[in-house]
Amino acid sequence: MLRLSLGAKFTLGTIVAIALAFMYIPLFLVVINSFSAARLSSWPIAEFSTIWWEKAFVSEPIRAALLNSVIVGLGATVIALILGTLVAFALQRYTFFGKQTVNLLVVLPIALPGIVTGVALNNTYNQVLEPIGIEVGYFGMIIAHGTFCIVMVFNNVLARLRRINPSIEEASRDLGATPLQTFRLVTFPQFRSAFVAGAILAFALSFDEVVVTIFTAPPGVDTLPLWIMNQMARPNEASLVNVVATVVILASFIPVWVSQRLARGADERE
Amino acid sequence: MHASAQQAPSETDSTPAPGAVSLAGVSKTFGDFTAVEALDLDVKPGEFLSMLGPSGSGKTTVLRMIAGFENVTSGSIHLSGVDVTQVPPHARQVNTVFQDYALFPHFTIAENVGYGLRVAGVSRAERATQVGVALEQVRLSAVADRLPHQLSGGQRQRIALARALILRPQVLLLDEPLGALDKQLREEMQIELKQIQREVGITFIFVTHDQEEALTLSDRVAVFNNGRVEQVGTAREVYEFPATEFVAKFLGLSNLIPAELSADGVQSSVRPERVRLLTADTAASAGTVSLLGTVSETVYTGPTTRFLVDTESGVRVIAERANDHHPSAESAFGRGDRVRVEWTTDHASQIG
Chain A
19 MLRLSLGAKF TLGTIVAIAL AFMYIPLFLV VINSFSAARL SSWPIAEFST IWWEKAFVSE
79 PIRAALLNSV IVGLGATVIA LILGTLVAFA LQRYTFFGKQ TVNLLVVLPI ALPGIVTGVA
139 LNNTYNQVLE PIGIEVGYFG MIIAHGTFCI VMVFNNVLAR LRRINPSIEE ASRDLGATPL
199 QTFRLVTFPQ FRSAFVAGAI LAFALSFDEV VVTIFTAPPG VDTLPLWIMN QMARPNEASL
259 VNVVATVVIL ASFIPVWVSQ RLARGADERE
Chain B
20 MHASAQQAPS ETDSTPAPGA VSLAGVSKTF GDFTAVEALD LDVKPGEFLS MLGPSGSGKT
80 TVLRMIAGFE NVTSGSIHLS GVDVTQVPPH ARQVNTVFQD YALFPHFTIA ENVGYGLRVA
140 GVSRAERATQ VGVALEQVRL SAVADRLPHQ LSGGQRQRIA LARALILRPQ VLLLDEPLGA
200 LDKQLREEMQ IELKQIQREV GITFIFVTHD QEEALTLSDR VAVFNNGRVE QVGTAREVYE
260 FPATEFVAKF LGLSNLIPAE LSADGVQSSV RPERVRLLTA DTAASAGTVS LLGTVSETVY
320 TGPTTRFLVD TESGVRVIAE RANDHHPSAE SAFGRGDRVR VEWTTDHASQ IG
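If you read the protein sequences in the order shown, they are chains A and B.
Everything in the first sequence is counted per the working numbering, starting at 19 for the first residue and increasing by one.
Everything in the second sequence is counted per the working numbering, starting at 20 for the first residue and increasing by one.
Worth double-checking, as some hints may not be accurate.
[Claimed, not checked] Looking from chain B toward chain A, a few residues come up when the C-beta cut is under 7 Å (computed): (1) N114; (2) T115; (3) A121; (4) F123; (5) H125; (6) Y134; (7) G135; (8) V138; (9) A139; (10) G140.
[To be verified] Partner residues are not named here, just some residues of chain B that face chain A (Cβ under 7 Å, in silico): (11) A86; (12) E89; (13) P108; (14) H109; (15) F117.
Note that these hints are calculated values from the structure, not bench results.
The C-beta atom is built at its ideal place from N, Cα and C for all residues, glycine as well.
Isolated chain A (complex conformation) (with noise of 0.2 Å):
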């Protein structure tokens, strides 16, 4: 391992110190503000209150604009799960022709701006779809998020298959499984990890994504984030913002973590 002197380590981990500062410490103040009393949110805190929590709570477009975050986020991870999965296969276990580029075109959109896979889908919806009949919707939304999140799982899995194996398979139908036995026995278990990981990842992507729904979203349709981007216009509202950017932090944090754990628990059985 690199050895480092007393004076860089001190040096490293005070700039680690303050970029983890800089990043958590806003998200902090955020969870605090959401206990203020106060109907905006001022530093420091006057009078702790759950009051805005207890608002929120009752709110009929907050609770709407959270089921819509919960359905278009398990939409998306269901479409990512089984596209994403499907395509590791194929990359992994078979030679085809356009093998690299289809690899990349799966990739893609994670790189994508948001505000291009946004613009894109949003005109082909608008100007291709429509005029010839087909409302796509609350769907269209759920698909555009798709497109993101098939990497989450498609990156996960792929990574688990390539480290499989093969002659377990190979054992499992020598010892009499049908391929279905097998799959279901040997191979599923094998990246089953990789699998859950990859979709709380995908969840939590679309869970808090912004620029993609924006174009996407039927009108009148809110997610959690949309709602908190127009809310960010009425400043009177902002200790409820602060209410909901915590449920969305908390939300976003939970899966990640969940889904650490579960690829360090395969990580060590091996």
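Could you slot chain B onto chain A? The hints should help.
Frame of chain A, contents of chain B only:
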């Protein structure tokens, strides 16, 4: 071959003997590369047959075709008299012990051993009984609840064997099963394998690149080279009477004697231990090939000493003598000594 077995029913009557494996004109190509070329091979029921050859000689491909993991490009494979050329691996009455053991990492040892019974729909209780017996056979009952990665190489090897044998296959295929073990453990496992094969009495087809292992274990050895079988025979036959230069060289040290020096005017091979080393003034005996020469090097190997003799005919001959008790061989001759080397013509094998 297979057809004739059906036409002339032997003592097994109309049912072909279970455990017979017959390959007829089997070829396998991967793109431009020919891995196996027009192979004919018949394995008798209950036989321990080794497929011996260097890596890339096609032996593992043949094993994988018998197991069903690879399709044949042409030709046919019969198991116990039934054409299985198009039968998928899970429907063939053969089981395989893999080179890397291929134990299922997420199953316990007991679940690994019972896997074949499980997918066949055997009840949990019956499975537990059979797995218990199988583990006892390989003396590993104590590790039933462990995971494969918690076992040593030798233990994994025995579990792989138990897992394959629990289904009572007609033929067991073994793909260099001892390759990953250290020398001492390998020799123990060789003995154990031989005993198990005798107990269960089924056909073993054993792939190895270790000539000593093949000679020690097998009833017959098929020597592979470049996708072809160079020679099939008992250990004694392929060692003492190699049919080709490749076989002579691959199975230990060999002296290749050019045609003009051989008794019958054909190129031949003589094993070093069959070469007698005599003082130069000894007269040549009848029925031998006898050459005069000078010792250019002596090599002490432990049980034997090898003498490299440059003969007057220009051929270098290696003679090997056991370092057995009185006047020990290693002191009998030294570098620069004039000697006579000779061998009985019976001990020379013509090489085609």
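Evaluation of the provided hints:
1. N114: 6 Å, holds
2. T115: 5 Å, holds
3. A121: This hint holds: B:A121 lies near chain A, its Cβ roughly 4 Å from the closest one there, short of 7 Å.
4. F123: 6 Å, holds
5. H125: 5 Å, holds
6. Y134: Nearest chain A Cβ about 5 Å off; hint holds.
7. G135: This interface hint holds because 4 Å falls under the 7 Å limit.
8. V138: Hint holds; B:V138 Cβ to chain A Cβ min 4 Å, cut 7 Å.
9. A139: 5 Å, holds
10. G140: 10 Å, violated
11. A86: 6 Å, holds
12. E89: 10 Å, violated
13. P108: Hint on B:P108: holds, closest Cβ of chain A at ~4 Å, below 7 Å.
14. H109: At 5 Å from the nearest chain A Cβ, B:H109 passes the 7 Å test, so the hint holds.
15. F117: 5 Å, holds
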